[in-house]
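Please work from the sequences and hints to get the whole structure.
Chains A and B, in that order, give the protein sequences. Each residue of the first sequence is one higher than the one before, counting from 41 in our numbering. Each residue of the second sequence is one higher than the one before, counting from 41 in our numbering.
Because the hints were derived from the structure by calculation, they are not lab data. It is possible that part of the hints are untrue.
Intra- or inter-copy, both count: the list cannot distinguish identical chains.
Unchecked claim - The calculated BS3-like cross-link candidates involving lysine-lysine, where the alpha carbons are at most 30 Å apart (straight line), are:
1. Lys59 <-> Lys226
2. Lys340 <-> Lys230
3. Lys90 <-> Lys43
4. Lys201 <-> Lys226
5. Lys340 <-> Lys226
6. Lys201 <-> Lys230
7. Lys43 <-> Lys351
8. Lys185 <-> Lys382
9. Lys201 <-> Lys140
10. Lys59 <-> Lys140
11. Lys185 <-> Lys230
12. Lys351 <-> Lys340
Here is how the chains run, residue by residue.
2 protein chains.
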Amino acid sequence: MRKNQIPTPSLIINLEVLKRNIEGMASAASDVGVNLRPHIKTHKNIRIAKMQMEAGAVGITCATIGEADVMATGGISDIFIAYPLFGDYQLTRAAELNKKCRLTVAFDSTLAAQRWSEWGARATTELSLAMIINTGGNRDGVLPKDALELATSIEDLPHIKLMGVMTHEGHMHQSTETESMLSAAKLAAKQLVLAAESLRQEGFAITTVSSGSTPACQGRTQVAGITEWRPGTYVFNDLNEMQFVIGEEDVALRVLATVVSNPAPGRFIVDAGSKVLSEGSRPGFGHGFLPCAPEARIVKVNEEHGIIEAKQDALSLGQRIEIIPVHVCTVVNLSNGYYLEKPDGSLEYLAVDARGLVW
Amino acid sequence: MRKNQIPTPSLIINLEVLKRNIEGMASAASDVGVNLRPHIKTHKNIRIAKMQMEAGAVGITCATIGEADVMATGGISDIFIAYPLFGDYQLTRAAELNKKCRLTVAFDSTLAAQRWSEWGARATTELSLAMIINTGGNRDGVLPKDALELATSIEDLPHIKLMGVMTHEGHMHQSTETESMLSAAKLAAKQLVLAAESLRQEGFAITTVSSGSTPACQGRTQVAGITEWRPGTYVFNDLNEMQFVIGEEDVALRVLATVVSNPAPGRFIVDAGSKVLSEGSRPGFGHGFLPCAPEARIVKVNEEHGIIEAKQDALSLGQRIEIIPVHVCTVVNLSNGYYLEKPDGSLEYLAVDARGLVW
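Here you go:
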């Protein structure tokens, strides 16, 4: 099977670029002296997770119990769920999962830790917890100054063990150029390290200090005290990441689409709409980037329609084009599978193993 | 199984409201004197499509061959694909599908019609075509004044039969109140009828003149010459539709979510992020509406995080809340299934049969 034989819209992953991205991040982590625990939300695929493990990752990061279960069943033995799980269903399944693999889960409240402790008691198991620290993203997590209070409040609870702190410094994506992005990432990492120190000073054995999103890691942000990186997007990269450290040649995943309509001069409709590209856009770029027509803009997406404005001879009816998506994680999450393109041009279909597993 | 026994995030459909919505639209179409051909993209489920057929629909509308195939296999015998299909894969499968059910496909170019004609010849079948008319949405479709030129250009092609015209007057969603929305919808419908008339005057036997999106149909827009409505969203309704004709009590689908974090006074994190609610928002309302806390706002969605700002006692950690999504079609498209809630409070899980079928 080759690219001209598959239907559109389809996602195509260049295997060589994928491998290079996986190896590059493994080298960067090794050079900086941190463990690498990639977030698999970007690919949701067992085989790619194993490629990451083989390149030196110490384990993986997931967002849901369902994702973690797929990965554990697929053979990954060390999993961190970087999300403040709360529901009974999640707690029950986490306790089961804890028997299948080395599991760590995130939390940010006394109440959640109490529930983990109770479930641990029922499941006769001990769970490792990592505290979520808010280093400026203002999403979940406690402020660094409040970390000690939370740790102290759960100190005596049985069946749980506080072993780490984590942050997601997503707010540095607000930067539009590399230097300010790296400064923001560094500042966040330093705050995380301070939180870890405040806990250690009171006797908590914090072994993992985990930060890192793709551009900060690609920029080799080095902060003393950080022990672990959790980047996700780097396996494929996307238009959002292209504004920072990486280039077009580092983008492993592209959407193959067909121009299905050219109803007016300069207006082209492709069969990749929001059900393929997702709904997000990047200011100045629209809903994706067309390497074959860099000045063209996907100005709008409806569910099955990508609406492109371009010079009237930039594209043509029936043409197949490749699109670099704005945010690749949301694109993969919409798709049942993707094609892996090998150096000889042949394609292999891979399922998105953990697609739609929101529990 | 009852609501308090299922994991979150989950989609819950109130069966009684669903039935009322299906019957209400069937009555409206009957009263106005048009055929009803609902777009199944909203639910993508065979059983709900059959409920629509049993209530009097003449057939269904789909967006892709994959959706149409699922529905034909499920027993729906009359299907319109309201999309300008172009690829070889789509054409081949459409020709096969044409043997399974009464199929009509949309087109907006001579080239596409030529390809349908060639495939029809190979598949020894005749395909019914409907021309897409651009009535102001500026997406696909030819302008009403250009309809005759396109029809004439394909007149002699064998194995295809031009039998209808269609428009999607999506641009009237730009209105923010009912009266201007209905005016815009009426204007679009009139343009469509004019296009049909221009073809009939030259001898084309146009039997179907198909328009209609949910709010225009709920408002019972009546334009002489329109023969068919294709609303989709009305089965479930959503926050976008609530600004027009329908009310909160008409919303059949809600997202059940859990408050998993309350990291700061007035900031709450729910486990429904963009992977559940999709990425869209409605100005002034954010990413969904909380009937239990009408003043709360989902101000941001990350993949697994819905970030809510509310009064500090409006919600509480661990609470389960219901969310009315902004655009229900994109929400269903993300999900593998939903729960049907019956009058006795019991739940039944239904798969989203045609999820992710972008081909």
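Q) Hint numbers the structure violates, sorted upward? A) When the structure is compared with the hints, only number 8 turns out to be violated.
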